[in-house]
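Take the two lone chains, each set in its own frame, and fit them into one complex as the hints suggest.
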Amino acid sequence: MIATSMTLRQPVPEELPSRGRVGMFTLIGAESAVFTIFVVAYIFYLGKSLSGPTPQDVLKAPIFFSVCLLSSSLTIHLAGKALHQGNVGKFSRWWFATIALGVVFLYGTAREWQRLIYHEGLTISTNLFGTTYFSLVGLHAFHVIVGLLCLTFVFVFSVFGYVEPKHEYQVEILSLYWHFVDSVWIVVFTVVYIVGR
Amino acid sequence: MSTNSISWSNDVAESRPFVDLIHEWVTTVDHKRLGLLYIGFAMTFLIVGGIEATVMRLQLIRPHNDLVSPQVFNRLFTMHGTTMIFFVVMPILFGFGNYLIPLMIGSRDMAFPRLNAFSFWVMAFGGLLLYFSLVGANGLYGAGNAPDVGWFAYAPLTSQTFSPGHSTDFWTLAILVSGFGSIGTAINILATILCMRCPGMSLGKMPLFAWLYLVTAGLVVLAISPLTAAQIMLLIDRYLGGHFFDTQAGGSAVIWMHFFWVFGHPEVYVLVLPAFAFASEIIPVFSRKPIFGYSVMVAATVAIGFISMSVWAHHMFTVGMGPGANTFFVLSTMAIAVPTGIKIFNWLGTMWGGNIEFSTPMLFCIAFLFQFLIAGLTGIMQACAPFDWQLGSSYFVVAHFHYVIVGAILFCTFAALYYWFPKMTGRMYNERLGRLHFWLFLIGFHLTFDFMHIPGLLGMPRRIYTYEPGRGWDIWNLIITIGVFFQAAAILVLLVNLLWSFWRGTRAGNDPWDAWTLEWSVPSPPPPYNFYSIPAILSRRPLWDLKHPNDPDWKYEGTP
Numbered sequence: 001m002i003a004t005s006m007t008l009r010q011p012v013p014e015e016l017p018s019r020g021r022v023g024m025f026t027l028i029g030a031e032s033a034v035f036t037i038f039v040v041a042y043i044f045y046l047g048k049s050l051s052g053p054t055p056q057d058v059l060k061a062p063i064f065f066s067v068c069l070l071s072s073s074l075t076i077h078l079a080g081k082a083l084h085q086g087n088v089g090k091f092s093r094w095w096f097a098t099i100a101l102g103v104v105f106l107y108g109t110a111r112e113w114q115r116l117i118y119h120e121g122l123t124i125s126t127n128l129f130g131t132t133y134f135s136l137v138g139l140h141a142f143h144v145i146v147g148l149l150c151l152t153f154v155f156v157f158s159v160f161g162y163v164e165p166k167h168e169y170q171v172e173i174l175s176l177y178w179h180f181v182d183s184v185w186i187v188v189f190t191v192v193y194i195v196g197r
Numbered sequence: 001m002s003t004n005s006i007s008w009s010n011d012v013a014e015s016r017p018f019v020d021l022i023h024e025w026v027t028t029v030d031h032k033r034l035g036l037l038y039i040g041f042a043m044t045f046l047i048v049g050g051i052e053a054t055v056m057r058l059q060l061i062r063p064h065n066d067l068v069s070p071q072v073f074n075r076l077f078t079m080h081g082t083t084m085i086f087f088v089v090m091p092i093l094f095g096f097g098n099y100l101i102p103l104m105i106g107s108r109d110m111a112f113p114r115l116n117a118f119s120f121w122v123m124a125f126g127g128l129l130l131y132f133s134l135v136g137a138n139g140l141y142g143a144g145n146a147p148d149v150g151w152f153a154y155a156p157l158t159s160q161t162f163s164p165g166h167s168t169d170f171w172t173l174a175i176l177v178s179g180f181g182s183i184g185t186a187i188n189i190l191a192t193i194l195c196m197r198c199p200g201m202s203l204g205k206m207p208l209f210a211w212l213y214l215v216t217a218g219l220v221v222l223a224i225s226p227l228t229a230a231q232i233m234l235l236i237d238r239y240l241g242g243h244f245f246d247t248q249a250g251g252s253a254v255i256w257m258h259f260f261w262v263f264g265h266p267e268v269y270v271l272v273l274p275a276f277a278f279a280s281e282i283i284p285v286f287s288r289k290p291i292f293g294y295s296v297m298v299a300a301t302v303a304i305g306f307i308s309m310s311v312w313a314h315h316m317f318t319v320g321m322g323p324g325a326n327t328f329f330v331l332s333t334m335a336i337a338v339p340t341g342i343k344i345f346n347w348l349g350t351m352w353g354g355n356i357e358f359s360t361p362m363l364f365c366i367a368f369l370f371q372f373l374i375a376g377l378t379g380i381m382q383a384c385a386p387f388d389w390q391l392g393s394s395y396f397v398v399a400h401f402h403y404v405i406v407g408a409i410l411f412c413t414f415a416a417l418y419y420w421f422p423k424m425t426g427r428m429y430n431e432r433l434g435r436l437h438f439w440l441f442l443i444g445f446h447l448t449f450d451f452m453h454i455p456g457l458l459g460m461p462r463r464i465y466t467y468e469p470g471r472g473w474d475i476w477n478l479i480i481t482i483g484v485f486f487q488a489a490a491i492l493v494l495l496v497n498l499l500w501s502f503w504r505g506t507r508a509g510n511d512p513w514d515a516w517t518l519e520w521s522v523p524s525p526p527p528p529y530n531f532y533s534i535p536a537i538l539s540r541r542p543l544w545d546l547k548h549p550n551d552p553d554w555k556y557e558g559t560p
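Which chain is which? The protein sequence lines are A and B, in order. Residues in the first sequence are numbered from 1 upward in steps of one, following the working numbering. Residues in the second sequence are numbered from 1 upward in steps of one, following the working numbering.
Some hints here could point you the wrong way.
Label pairs and their calculated CB-CB ranges [to be verified]:
#: 1; chain 1: A; residue 1: H179; chain 2: B; residue 2: F345; range: 40 to 50 Å
#: 2; chain 1: B; residue 1: R114; chain 2: A; residue 2: A100; range: 27 to 37 Å
#: 3; chain 1: B; residue 1: F345; chain 2: A; residue 2: H84; range: 51 to 61 Å
Not the full set, but computed from the structure, chain A residues with beta-carbon under 10 Å of chain B [stated by the list, open to error]:
#: 4; residue: L16
#: 5; residue: M24
#: 6; residue: G29
#: 7; residue: T36
#: 8; residue: K48
#: 9; residue: S49
#: 10; residue: G130
Calculated from the structure, these hints are not laboratory results. Note that the Cβ used here is the ideal one computed from N, Cα and C, for glycine as well.
For reference, chain B alone in the conformation it holds in the complex (with noise of 0.2 Å):
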């Protein structure tokens, strides 16, 4: 293979001075270092606000526990929500796209390197502005440390008067700042699916990864934008004594929440379509078949796109829209479960009849499915309107978001970060330790998430700091709490194996999947420059046409 004759390895980077090698990465505008890099930074903050979440629910764990003051609560609760949306699964995906679209479209870098460089370190510099508010934030009123307003920062608990001192602003910033390198990443992975694909890579011979993450970057440019917007006007409201969100003046509280949600909702979506891009990539690789409808995989992506950006007021039926708007949202809301339930569908497909092999990113792959789907369904029963009247704002909605977030997103992340190990590193991670990853993770994951639909239809509203005993709550937070040891037994798990294989792991060589995408070709780790001459390409499978010359996929593909 020409690919080989020159190759770069780790060894040469590790016998360097050790600021050189800092300097390398603090400088690097190469398209895989900044997805590590967004990687690395994800996971970081995936345990500080792993942490948060253990904290709280050790607080819940029994009635009256006075584990932590309410005021810390609703620090925990905050920076929780915050951490988790903005600074874990955004910054992971990103990472994904950018180490693997254009290995996968046959490219040598992104469109915008530096851009790219700027994108990573701007939403970096968000992250810690964050943080910075545990020491940065007391200000001149000498209230607060970390923001308290929860995740979506109802208007007027943000005004001066609710939320005095900085850390409100702390907030604000954090979020306008990373949704500038959100921005800068959408634009760099649009401008380099359409224009920087290899010869023969037509838009209807990209893999589907590539599919998915146009169509989330352009949710990404269409809904982190009204974020923006809205954070500048909370900034005027707290800065300049404006009065968008003050009541007092005549302003709107409710237009905060459309303004937020406009953003809120897409954002589902922008997090969940990366987890649909690496289920689409791992299960047709385990289950040794092409995935099964392309075409209409592709327009079931583009149609999430579209439907997403109208279903945002369903957070919202509680606040009283009054019977139209309530009908349109319960309308949209549902009929968005119509393409999302197409792709289930086509996965189902794909693994019908193949060959499956239950490795560790395919059995993560396998619970995203079952998870996925409880997840849906539980989404459509809070899309009835008269339901959701009943259980807005209890556990039972936090039961719901999380079964997507941790049940699909997470679950799917974890299938990722497996599958693409070997490439990433050039060392097969370890396959027991994977499997101990996935069976703590399981149980703690239907231990928490299961139960928690429970004490939701109970009546437990999110966001209480205690309850009283004797509600029925009592023993499903127990469960809850105990759910908790497992999922973090599981993280600590994965974070061995990643180490310990990165250092110790067998050599994994070029193709240990025997997959079928342009990644596959290259060495593991790829060389700086990807691919030592750009390839040309005639199916969606290339890396099956070379394997079996006399029977190319090709021969079969229709030509677009």
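Just chain A, with the same shape it has in the complex (with noise of 0.2 Å):
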């Protein structure tokens, strides 16, 4: 009714954002306050423990597990190109590579954990360190195991041919959160490994 009483101007269509985007980085904009909150609390309470034992008598820098997450990025960004370049098999293999890789990565979280709460008796409840270390790694790593099952449905979906190259948009919207729990962890390992040791 609108359209047509103005039949003298017509507005420019203009180009919006597509909304699965714009709602994904929005929701990483929370996760990332969210984020903010626990590693300001680890910078806080640095060196403030009442007892033992501190990070600079139990934590390892996990290079080789980080590499891994790090590089799990790139994976998931070829598994993208191969998509929109219509190969899905190929998609399929690199997708395949990334929730490997994902989770090569817990392995080494539950490694480290296993060695700190068995081998150096540290828990969450053993001091100010034990408290913010498990929180915010754990809060990573629940988002790791996030990610990982959301992958492994749309792997699961690839290996019953339901994913064509007309996904290419949701794929997308997908990776743009394991990417940000893959730069989320370059905060935590600087905070945790370098900064706090």
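This is how it looks when you write it as structure tokens:
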């Protein structure tokens, strides 16, 4: 009704951003705020524990596992590129590599936690370092697990042949989340294993 | 009008079996129905929170009163604060946003309809969880039922030592869960406004309503998330033996205050910006003038959004943060008065020389302007740290923030309720009852909250369950409580008006106010798909252009 009444002048159509991308970026903004608070708490409590063990005593930087997680950003990018080119088989292989690298990273976290809990005697309730360390690294690990579950769903779909080049957009949105999980690890790694040690 | 060719009315829905109707409402993903659910949910909790306030005021009507025990009084003010912020004002604002944003920007639904439904039900679940504490929170220790730690729940009061049982956990979980709902809705609003606008609706041509909700949603994303993080930390402390806020193990009680107020102060702007949104739509329509200084209003809104992220520690002047931090937060708090003042002048500029029509929504908005000015002035008084050292945690503070939340936000919400009631139900409200509601509530509000400043200045602390006679507080407390009766009566009038008008009101038609934004171009109530064909607009007042083809706005507005 309004459109027809204004035949004299028509508005110039505007290119609007995609809602999936905007939604995911906003979610990433919210998640970043959550992580910021945990990082602030970690830095604020550095050296404030009343008893040991301290980060200097027990923490070893998980270089190999960090490299695994960061390279999964590359593999998921390659997967997206393969889908863009229409090569679904190549997409599945790179996608699987991403999941595998994520699982290796989680295994690394599990090994580290096992060592800290059983050999070093550091639990979440031992001292302030334990509380802040396990909650910050645990929060990140939780995000890796959520990301892996989503990636696995897509992988299962691709195994049964439901992923087609037209799903490029959905895959890209999910990749944004995975890139976020990886980049948060850079922050966590810097704070926990470099600044805090 | 082509939009009327397919019409959808309440009568069709009413003739269906009741179970079908319930099923439809529970499973709905329609933004209008979810908006109404939000508003209904909030109105229910408004009555609950109002009853809690009334009981507190009855307890304080005279010295040494013993209507409720000190323990019950603690639970009452905790539940009153938590309910009113998280389960009344937040949902009612989301409700109006949900209902109106797609209609105003010419879209058929929100960007993520299912996320929308999820957010509502999660928030509703959070509200039920908070009140389930009344029966479920006795726990192993047989202690406590409703939460009693105050709405900002300062550490170490929330530790297992001082809060045994599960009442604090119900508080934490209720806020955590409703926080997920709020973040979901905020993401939805941002995506809707940025991605779903109709042709021609550039950001500079959106109604101010959409701009204010855009900034609000951004603030929700940045402010609710720290609260979520802090609640997770509190749960870790209480259940896994963590030490975040455990001063015995080197933890800090002050960092909880920082985390809480990093949420808590932007939250005030999350609540008040939608109230500004209502005023920015209603004042122009009843002044018969376009909004004065549109682009300055947008700039002021964005400025408020930015500055509000850096003022939180003015809630903590009495903690002893040191002169550097105090000075910063004094200055940032005073700076936020500038964009807010610009807004007040722009609303006055809109009314200036206008043909003002004093119907109920406009009456509420005019009262809002005066009351918000006073609320802002007492805010600046308390922004001076030395003044705050005298009056922190006194009734002066209580009077100040109720002046904002009731005098500004609730007044604007009532205005919005009357203004959009015809659109939502298809019926006009009763104007006489509306005016009665306005005057009763205005008298009650001023009796209660004007006089509440005085016992604060005389040294009456907040959150006390009773007081000694002869301190000069008695008469003021009596007057404050008398005001509550007026407000309660006004709310009853509102409910009668809403219910009566819903069944018996005269038919409103599409556009009872001769207004200018797109929601008035569709039938009342709007059909499920909103627009028969997606509109295309050329100016900020598309319906003005439509009604005045010889003198359209787009001839005078700039292109952006």
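Here is how each hint holds up against the structure:
1. H179 of chain A and F345 of chain B have their C-beta atoms about 45 Å apart, which keeps the hinted 40 to 50 Å range intact.
2. At roughly 32 Å, the beta carbons of R114 of chain B and A100 of chain A sit within the given window of 27 to 37 Å.
3. The given range of 51 to 61 Å is respected by F345 of chain B and H84 of chain A, whose C-beta atoms sit roughly 53 Å from each other.
4. A least Cβ separation of about 5 Å between L16 of chain A and chain B falls short of the 10 Å threshold, and the interface hint therefore holds.
5. For M24 of chain A, the suggested interface contact is upheld, since its CB lies about 9 Å from the closest CB of chain B, less than 10 Å.
6. Because the beta carbon of G29 of chain A sits about 5 Å from the nearest beta carbon in chain B, less than 10 Å, this interface hint is met.
7. A least Cβ separation of about 8 Å between T36 of chain A and chain B falls short of the 10 Å threshold, and the interface hint therefore holds.
8. About 5 Å separates the beta-carbon of K48 of chain A from the nearest beta-carbon of chain B, less than 10 Å, and the hint is met.
9. Checking S49 of chain A against chain B by beta carbon gives a least distance of about 6 Å; that is within 10 Å, so the hint holds.
10. About 8 Å separates the beta-carbon of G130 of chain A from the nearest beta-carbon of chain B, less than 10 Å, and the hint is met.
Violated hints for the displayed structure: none, as all numbered hints are satisfied.
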